[in-house]
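Asker: Heads up: the sequence lines are chains A and B, in that order.
Under my numbering, the residue at position 194 of the first sequence is numbered 276, and the numbers go up by one with no gaps.
Under my numbering, the residue at position 253 of the second sequence is numbered 1515, and the numbers go up by one with no gaps.
Hint data in this document are derived by calculation from the structure and do not stem from the laboratory.
All residues carry an ideal CB built from backbone N, CA and C; glycine is no exception.
Among the hints, erroneous ones may be present.
Chain B side only, calculated, beta carbon under 8 Å to chain A, not exhaustive [stated by the list, open to error]:
id	residue
1	Q1331
2	G1335
3	L1484
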Amino acid sequence: MSPLNDTAAGIRAKAGWMRRHALKMVYDKQLGHLGGDFSATDILATLYFGVMRYDAKTPGLPGRDRFIMSKGHATGAFYSVLAAAGYFPEDWLSTYMQPNSKLNGHPNRNYLPGIETNTGPLGHGLPVALGIAIAGKLSRLDYRTFVLTGDGELQEGSNWEAAMSAGNRHLSHLTVIVDRNRLQQGAGTEETNGLDPLDDKFRAFGWHVEMVDGHDVEALLAVLGAPVGDRRKPLCVIANTVKGKGVSFMENKAMWHHGVPSAAQYEQALKELV
Amino acid sequence: MAGSATGAGEASRQGWHDCREAWARTIEGLAEADPNIVVVVNDSVGSSKLGGFQKKFPDRVINVGIAEQTLVGVGAGLANGGKIPFVSGASCFLTARALEQVKADVAYAKANVKLVGQSSGIAYGELGPTHHSIEDFAWLRPLDNLTVITPADPWETAEAVKWAAGYEGPVYLRLSRMPVPNLDIPNRVFRPGHAELVREGTDVAILACGTLVHLAVQAANLLAKEDISARVVNFSSLAPFDRDAVRAAASLGAIVTAEEANIRGGLGGAVAEFTAENMPVPVQRVGFPGFLPTGSIEDLFEAFGLTVTGIAAAARKSLARRAR
């Protein structure tokens, strides 16, 4: 297995496709989390089309790279990237949150291929990713484990339990990406329960930290695609992002955490997401 | 009567065992045969009796420190990576502190994780309700996909551990540290989801689990002297729940349940739910009512009727209600 090695332009095109699909899914259902979908989209597209090694037709390969969507509410983005990567047919996206759909509001690994663990309640992804990384080390497999967390999500203590353990274990093949859009459900992270200086926090827990523009595909490729080498630390990528990225009236607005567009807003957003 | 709480005087306790020894012996043997078996602990090597395992397989003891949410999450991750993780810690912390991880990462996700609750029930005695695990049945029983097993003796503990290792799916093994005798049942076969007949009887059925099963046998012996024929059933599987065994018990017309747990939501709760909907008969529940006062294991068993005489009294009461 090797990464798909899409070009940056190709990855940006995939991200545009994902945003348009997420928008339609949430508009059709009048339910979802577009703000967090859009802040995470470029990160997901970079991972699936430029970094990770996997075979969507054989999703259980022991040596595959793993991705854990810890911010499990951002299924508009997550299901879109899985469909784009070929885990399931694109037309399934139109069943998003419909009765008995495999596309539940939060991901279930027993419903769809490509989902490593069930998420939804926050702070669950990093501990599970830690276990996957430990298993890889025990089995002498060189797969990498990536976990995407929200930033507000880091207020959950379980993340820091796992971060401490990962640092102590020198798990170089574990990467956490923080979708640092600085907004949580109702307000800014810093006015709710501040996280800064987030980089120092991870360093203090034994992690190597990189800061990156989470919408700059070239920069994401450089940081996430770099070989693990002899770094004896887990990697934390703080991806500075914009909640609602790509739609002018959604950007940096907490109300678009789970806001749903009207018909006029839907048309306007589609125009902006060409 | 001194010693009546655990059903025997000191002299007759030879041959009684702490079931953790059977657990430790069995998991070591399984690990010899299968390199994928690992244990995950929260600073609980000693209390899980895993010192020997650690000597033999130091790399296969994953100690996350005092961090139960990560303890269970790591178990789910190890299963994803092809390991067979036995996640072992004191039941009170494993099932309460990490309940959401047990629900989402293990049960809902159907992860191949074996949760091993140590020192369950009131094993920590005087340390009090923070360290008792008598609510675990109530909060684990409704979780789909999770098999819940409470072995009654060393033999069943070993069999349950072996079975769990070979079964693909989530399991909770609720172990005690209170010494118990091996039950005297010929040709035993461990079948999860099936209650085990320990002693036949025709007047009243005593459905018990864990440390209460051998007490129920002695209670049946006591009742026999009064010409009351009591059936004793080892209800080690709380989930899947053996409805046929409860139906058969209800057909006698009088039931007693006995468990080292809070009677709200545990085995007694499960039996009461089922009989109320399907075959309403008197059900007397022996167990604990809630947070317990300070006391040793023996004190608390005695005070709340988790005794031979307490179970026998519950049987008489159930029979009296049937007669009305």
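Asker: Please go over all the hints and tell whether each is borne out by the structure.
Answerer: The hints, checked one at a time:
1. Q1331: holds, 4 Å
2. G1335: holds, 3 Å
3. L1484: violated, 49 Å
Against the hints set out earlier in the document, a violation occurs for number 3 only.
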